[in-house]
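> Sequence:
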Amino acid sequence: MGRGKVQLRRIENNVSRQVTFSKRRSGLLKKAHEIAVLCDADVAVIVFSAKGRLYEYSTHTRNLMGEQLDSLTAREVQQLEQQIGNALRNIRIRKEKAEVLEASLHNNRPAPFCNNTVASLPNLNIW
2 MGRGKVQLRR
12 IENNVSRQVT
22 FSKRRSGLLK
32 KAHEIAVLCD
42 ADVAVIVFSA
52 KGRLYEYSTH
62 TRNLMGEQLD
72 SLTAREVQQL
82 EQQIGNALRN
92 IRIRKEKAEV
102 LEASLHNNRP
112 APFCNNTVAS
122 LPNLNIW
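If you use this note's numbering, the sequence shown corresponds to residues 2 to 128, in order.
Accuracy of the hints is not assured; some may be wrong.
To be verified - Pairwise CB distance ranges, derived in the manner of DEER restraints:
| no. | residue 1 | residue 2 | range |
| --- | --- | --- | --- |
| 1 | Ile92 | His34 | 13 to 23 Å |
| 2 | Val16 | Ser72 | 28 to 38 Å |
| 3 | Asn14 | Asp41 | 37 to 47 Å |
| 4 | Arg18 | Leu73 | 42 to 52 Å |
| 5 | His107 | Arg54 | 27 to 37 Å |
| 6 | Phe22 | Arg93 | 26 to 36 Å |
| 7 | Thr21 | Lys96 | 43 to 53 Å |
Worth flagging that the hints you see were computed from the coordinates, not collected in a lab. Treat the numbers as computed from the prediction; the structure is a model and nothing was measured. A virtual CB, placed ideally from N, CA and C, is assigned to each residue, including glycine.
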């Protein structure tokens with residue numbers, strides 16, 4: 002016998018919500034690892050908790066740690082810094098949009114950047 006379908010709406014009880022977040026976060030990160038290993042895919046997952054804590058998983062084709070940056074030219078370091086800055090800006094924008102959407106759904110009001118339909122959301126695919 003299969004599991005019942007879960008109704009997707011905000012969990013009102015703080016303890017239950019935190020437990021569910023923790024379990025689902027772990028499951029999501031496990032699935033990300035599995036798809037990376039099984040399909041030889043590059044995967045990145047970023048999750049922000051309700052309190053703003055960052056959880057992440059990634060498979061990098063180019064991991065640069067401390068001393069490995071020494072082999073880069075000044076131009077490559079500058080390009081890397083720009084890429085990181087752009088990625089961080091995009092993450093913050095998407096996080097803000099997700100927070101506005103969540104707040105508007107919680108208050109039963111449309112988000113200011115959408116036309117009352119989920120299909121009209123601008124590139125909110127964070128997966």
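> Indicate, hint by hint, whether the structure satisfies it.
Verification of the supplied hints:
A C-beta distance of roughly 20 Å is found between Ile92 and His34, which places it inside the suggested range of 13 to 23 Å. Taking 28 to 38 Å as the suggested C-beta distance range, the pair Val16 and Ser72 does not conform, at roughly 49 Å. In this structure the hint that Asn14 and Asp41 lie 37 to 47 Å apart at CB holds, the actual value being about 41 Å. Here the CB-CB span from Arg18 to Leu73 is close to 43 Å, well matched to the stated 42 to 52 Å.
Judged by the Cβ atoms, the range 27 to 37 Å given for His107 and Arg54 is violated: they are separated by roughly 20 Å. Checked against the given bound of 26 to 36 Å, the beta carbons of Phe22 and Arg93, roughly 20 Å apart, lie outside it. Taking the beta carbon of each, Thr21 and Lys96 are about 20 Å apart, not inside 43 to 53 Å as hinted.
The structure fails to meet hints 2, 5, 6 and 7 from the earlier list, while all remaining hints are met.
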